[in-house]
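Enquirer: Now for the letters of each chain:
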Amino acid sequence: MDLINFEATELRLGLPGSSTDEPEIKSTTSPVNTNKRSSPEMDSNVSDENGSSRSPPPTKAQVVGWPPVRSYRKNILQGRKSDQPEMGSGMYVKVSMDGAPYLRKVDLKVYKSYGELLKGLQEMFKCIIGLYSEREGYKSEHAPTYEDKDGDWMLLGDVPWEMFITSCKRLRIMKSCEVIES
Amino acid sequence: MAYSFPEEVLEHVFSFLASQKDRNAVSLVCKTWYEMERWCRKRIFVGNCYAVNPRIMIRRFPEVKSVELKGKPHFADFNLVPEGWGGCVYPWIVEIARGYPWLEEIRLKRMVVTDESLELISKSFKNFKVLILSSCEGFSTDGLAAIAANCRNLRVLDLRECEVEELSGHWLSHFPDSFTSLESLNMACLSYEVSFSALERLVSRSSNLKTLRLNRNVPIEKLSILLQRAPQLVDFGTGAYSSEIRSDTYSSLAEAFSGCKKLKSLSGFWDVVPAYLPAVYSVCSQLTSLNLSYATTQSPDLSKILGQCHNLQRLVVLDYIEDTGLDTVAMSCKDLRELVVFPSDPFVADANVLLTEQGLVSVSEGCSKLQSVLYFCRQMSNSALISISKNRPNLTCFRCCILEPRAPDYLTFEPLDIGFGSIVENCKQLTRLSMSGLLTDRVFEYIGTHAKKLDMLSIAFAGDSDLGLHHVLSGCESLRKLEIRDCPFGDKALLANTSKLETMRSLWMSSCSVSFGACKLLGQKMPRLNVEVIDERENLDSIPEDAHVEKVYIYRTVSGQRPDMPDFVRTMGKDKDEVYNLS
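Chains as they are written, first to last, in numbering that gives the first Met the number 0: chain F, 0 to 181; chain E, 0 to 582.
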């Protein structure tokens, strides 16, 4: 992650531009609304004790880990809503790779297509991943699969991208040989 | 003189000491008592798995039958601790398998439990009886299958809010037909369908079964079958509580519930269809615990049930209950000890439900035994908090989460300092507090002055300066767990209270103003503290000392630096040379 971009999005208290610790502090523009973090703005009716007021919040953005509700609790109810992806909140799903000791998380909203997603996954796990094709079979050692809303494990690539991101619950990069066997 | 007292008598006296605190105190009296006590301690609780290593524990306490461990910091529940941070139980299981072959119980919370660990557990302890995994992850249904297949004397298998990799539902079928000792099964967190006939047979042959919490996948039509097989159940969790309304399903369900004369606790109710709720009316008056937090039912239906729950002690609901539903609770549930209200739609700015601070005030007025509160709401006022504190000075746990960070008193637009101040001043037995809303350093002054029994404090988006943190660290004599996020607290308060930190289990600070340099100093100064900086930025080595860390987790330990840190975690001040060294 680029340190420069990170600083712009980092959650801080204090007026914009007031922290002088890091020499690489950038401009005082309002924080970029990445899917990871954004600063929680106070109610625009309230000024802080110095008498200066914060600017009114641009959008209702989310803060990581707030409110303090466990993720499985958030999902219970979201499953009941329409199939729209959450607005402005990122769609983080877990990614496991057979043989890797730790899981990772990716934000599906960052990608626009399967191609971009695979590229991102390849960089993350330092491996080659290929989609399955009826004609050519598995193009590489690793095959991407995902668990959909119904709990079924599916191969990546069969459904249109938009449908995929609303139904994908988690990803698993399997060894291609195991996919054939199962 | 102590040594003229026969050992057998001492041992007998010690056997009445259940609490670890008492046993720890007893073992400090003299060497004889230390020796006596360590040989007869049967249960161990380790609140931070990195505070001590298992060999030390096994060496001192050779006859332990029950081990309880906790791993990750509490804020891991809200995704503030990155994946791979640690908390793996496997090294502990290896040592315990060697040191305690007759171990009977393992309880784990917020730990990474692999299938390998579960397999080792299932094969190492011949008399294994109780496995409780709370908020754990890292294992799959294969691990559960190993437990089911190998633990012949298992009584309790309790998976509380775990993240399980579900490969199939077959694990349940691994319990052999000869297995009849099951007393408690909680699989509510799983989503794969298990074989219903295997489940039915298991329930039928487990005559001691008291707790059965099903997963969402068990359909409502099948519930009556299970309840008929186990009318002795004390604690029952339904699966999905919905289907097309059929009168025969309804009537057999209602009849099955009415046959459960010992039922005291109900939960589940996913996807609830209100028309099926009256099936539980016959048991309402018996219930002491009711969890409707997955039931997206509206207030009138909830009120109809709650109005009959005269013996209820614990209630967990969604904010669909609204103020009117809580009024019903206040009137009908006079024995209520614990109230939890979760938000149905935490990310929507405007309330779509009529739940305000008034509901909580109402319950605090009507329920004289109320001790524990976890309440999510969208508005709060100082006057409401003051009322609550005056109504219920017997509160021991008060957690109030206003959804909007730094929200002021919605009536006066002032900070909520005096409201929360009133809580700590009036509720003298308060051991746990979580605050939210607009708060200045003043509230911390109140806390430091009054909250003398406070054991755990959670703070977010609060305070103005280091003074706030200093008030807490210098004033709260009983404080053991402190977790802080997004507050302007920094080096000064930490470095002025270093010895306090050794009296606590742990301190978590994220998105605050703590510098790398201060962490290093603290780690150098306090050899029995691990000052773990968690920072996922690249080029960590080139960040200057006065830069702020992303997150720091400080805990006392007798085991030194832990050997399993991932690359984004550094223990500060322990290496003589470069602090940011990746080694």
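Calculated from the structure, these hints are not laboratory results. Every residue, glycine too, gets a C-beta built ideally from N, C-alpha and C. Any given hint might turn out to be false.
To be verified - Covered stretches of chain F (chain E as the covering partner; in silico rule of three or more C-beta atoms under 8 Å from a C-beta of chain E):
id	segment
1	62 to 70
2	100 to 111
Unchecked claim - Pairwise CB distance ranges, derived in the manner of DEER restraints:
id	chain 1	residue 1	chain 2	residue 2	range
3	F	Cys-126	E	Asn-351	42 to 48 Å
4	F	Glu-161	E	Asn-351	33 to 39 Å
5	F	Tyr-101	E	Lys-368	53 to 59 Å
6	F	Cys-126	E	Asn-126	42 to 48 Å
7	E	Glu-7	F	Ala-99	51 to 57 Å
Enquirer: Can the segment 62 to 70 of chain F be counted as covered by chain E under the rule of three residues or more with Cβ-Cβ separation shorter than 8 Å?
Expert: Three-residue rule met by the segment 62 to 70 of chain F, so holds; n is 9.
Enquirer: Given the hint of 51 to 57 Å, check if E:Glu-7 and F:Ala-99 actually sit that far apart at their C-beta atoms.
Expert: This hint holds: roughly 55 Å between Cβ atoms.
Enquirer: Could you say whether the range 33 to 39 Å given as a hint is met by the Cβ separation of F:Glu-161 and E:Asn-351?
Expert: 27 Å, violated
Enquirer: When I compare C-beta atoms, does the segment 100 to 111 of chain F have three or more residues closer than 8 Å to chain E?
Expert: holds (count 5)
Enquirer: Check the following: the C-beta atoms of F:Tyr-101 and E:Lys-368 are separated by a distance inside 53 to 59 Å.
Expert: Cβ of F:Tyr-101 to Cβ of E:Lys-368: about 46 Å, so the range 53 to 59 Å is violated.
Enquirer: Quick check: does the Cβ-Cβ distance between F:Cys-126 and E:Asn-351 fall within 42 to 48 Å?
Expert: 45 Å, holds
Enquirer: For F:Cys-126 and E:Asn-126, compare the CB-CB distance with the range 42 to 48 Å and indicate the outcome.
Expert: Given range 42 to 48 Å: holds, Cβ gap about 45 Å.
In terms of the numbered hints stated before, the structure departs from hints 4, 5, listed from lowest to highest.
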